[in-house]
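S.K.: Keeping their order, the protein sequence lines are chains A and B.
Heads up, the first sequence stops at 138 in this note's numbering, and the numbers go up one at a time, no gaps.
Heads up, the second sequence stops at 1031 in this note's numbering, and the numbers go up one at a time, no gaps.
For the record, the hints were derived by calculation from the structure and aren't laboratory data.
The beta carbon of each residue, even a glycine, is placed where N, CA and C say it ideally should be.
Some clues are possibly wrong.
[Stated by the list, open to error] Label pairs and their calculated CB-CB ranges:
hint, chain 1, residue 1, chain 2, residue 2, range
1, B, Y949, A, D94, 24 to 34 Å
2, A, L17, B, I713, 49 to 59 Å
3, B, Y949, A, K61, 32 to 42 Å
4, A, I(-1), B, K628, 24 to 34 Å
5, B, M988, A, L2, 56 to 66 Å
In case you want the letters, here they are:
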Amino acid sequence: MYNIVSLIFKYVFIVIIYLFILSIIRLIYLDIRGIDTTALDNTTYLKLINRKDSLPFKVEEYYALKDVIRLGRANNNEIIIRDPYVSKNHLKLVKDEGDYYLEDLNSANGTYVNGNRIMDVVRLKNGDRIRVGQVEFLYVNRE
Amino acid sequence: MFKKRINYKVPRNLLVLFELLALFLIFAHDKDNFNRNTLILGMALISIIYISSFILLRISTGDNYIFLIVTMLISIGIIMIYRIDPELGMKQIIWTGIGILLFFISYFIIKSIKGWKNWTLLYGGASIALFLITFIFGSRIKGSLNWIIIGKFSFQPTEIIKILLIFLLASYYANYEKYKKVKYGSYCLIGTLYLFIAFLFVQKDLGTVILFYFVFSAIQFIYEENRRLILYNTLFFLISGLIGYFMFSHVRVRFETWLNPWIYIDNKGYQITQSLFAIAAGGFFGTGIGLGYPDFIPEVHTDFIFSAICEEMGIFTGIGLIMLFLILVYRGFKIALSQDEKFFKIVALGISILFGIQSFIIFGGVLKMIPLTGITIPFVSYGGSSMLASFIALGILQVASEDLNLEEIEHE
């Protein structure tokens, strides 16, 4: 009796172990794919141009843009960058009729779009380079 | 998000199913005189593992896979140990319970205390102190002088020194800019390491010698800027290995039994040949649990558990075990890559190398791919101190998988 149970169970055990490994690998796969696709959706996002490991503070590779996005060093911003050259409330991105407008919030070191320091509100075009402190972003609009 | 939640349950439930079936198998085996303690302890373990992985998902923002992988390894190990010797199996269940507790304790301690990277000298000093304690109070069990016996308990200090070594290396290379300016800074580190290796060699603990050397070399290879030191290190190891081969008989025995164990089958090659017989007898699907003869192999519950698993659960389970270690080490490297703080990056790297090399040495040794050195498979083999140390290492890895940088800045 026991022999028969044991003989059946050895196949069951192997199947369970492999299902377990498969499900873990699948989860890890979803995890990795999840990182890559968030940026590749048909949305608007900021892409980091600097090499991530060259910056001594935490920056994401991609920031997806919502209707209003504020960037700065303080915690109440959507995009928090701990760069000492970034002001507490540095800039604001506002969506209006499908376009994004960049507004500098009187930052100490200013915001540069394609190398020009901006004074008031600027409409962003696909491929604009936004420099804030030591960080440079690429503005990508895929809509 | 919702879909993801459901997916996390799949491996967890498979694990519970696996453990319940194993418990049922024990029940089917001893149906006449069933031991109630087995049932209670078994159910306790299953619920502890289930609840722990559930809690971990809540309290930790880091990796969710390493704990699951490890609990699967433990389940396979406990089933096999219980089959070989029910009493040891019960002990192993208790050790696992304590281990999971230690996992959470080390997780909270490592996370709450800041400044781990500043205590380089402490790690070195503590390791040397532990070695000296082993020499003074240690007892020789099975040829190796690496056990300390206090009352009923015995433990191996080398298991703790492994973790201290990783901390030592990580704190050294995390403060590399500072130590680089000290004259012969890196030479001091190499000197300390060779002191450890010399201690281990005198203790005749060859497996741990190789383990320490590989962990050190890997981290040195990644972080040392003076590349010439890596060459010196390799050369020194080769030469001292050769000298060790000719001077010490216990090193030579390992090599002879590796090259051709069959002519020594009646004495020193007995263990490895029995291991090979056992793996061959199992075939692809194994003989079935309880139907093989793993008892023929000496030390089957610790070093040779892999052969017993291959015999009774099949080479497919053996391959599964290796794959589990593969994804565990992969996760460890992934954690190291995404960690921003350098100290924990190196610690995560060191721990994953430790798990990887340790399992590689013993899998390779048991399969006669490399010379055999007695060492435990982390989480699978029977052994209290090995289990506890592995769980502490896992707790540290869990901390390293979290985003530590963000929290530190919020204190400003």
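S.K.: Taking the hints in turn, state whether each one holds.
M.R.: Comparing the hints with the structure gives:
1. One distance hint, 24 to 34 Å for the beta-carbon pair Y949/B and D94/A, is violated here, with the actual separation near 43 Å.
2. A hinted range of 49 to 59 Å is violated for the C-beta pair L17/A and I713/B, which are about 32 Å apart.
3. One distance hint, 32 to 42 Å for the beta-carbon pair Y949/B and K61/A, holds here, with the actual separation near 34 Å.
4. In this structure, I(-1)/A and K628/B meet the distance hint of 24 to 34 Å, their C-beta atoms being roughly 32 Å apart.
5. Judged by the Cβ atoms, the range 56 to 66 Å given for M988/B and L2/A is violated: they are separated by roughly 30 Å.
When the structure is compared with the earlier hints, violations turn up for hints 1, 2, 5 and for no others.
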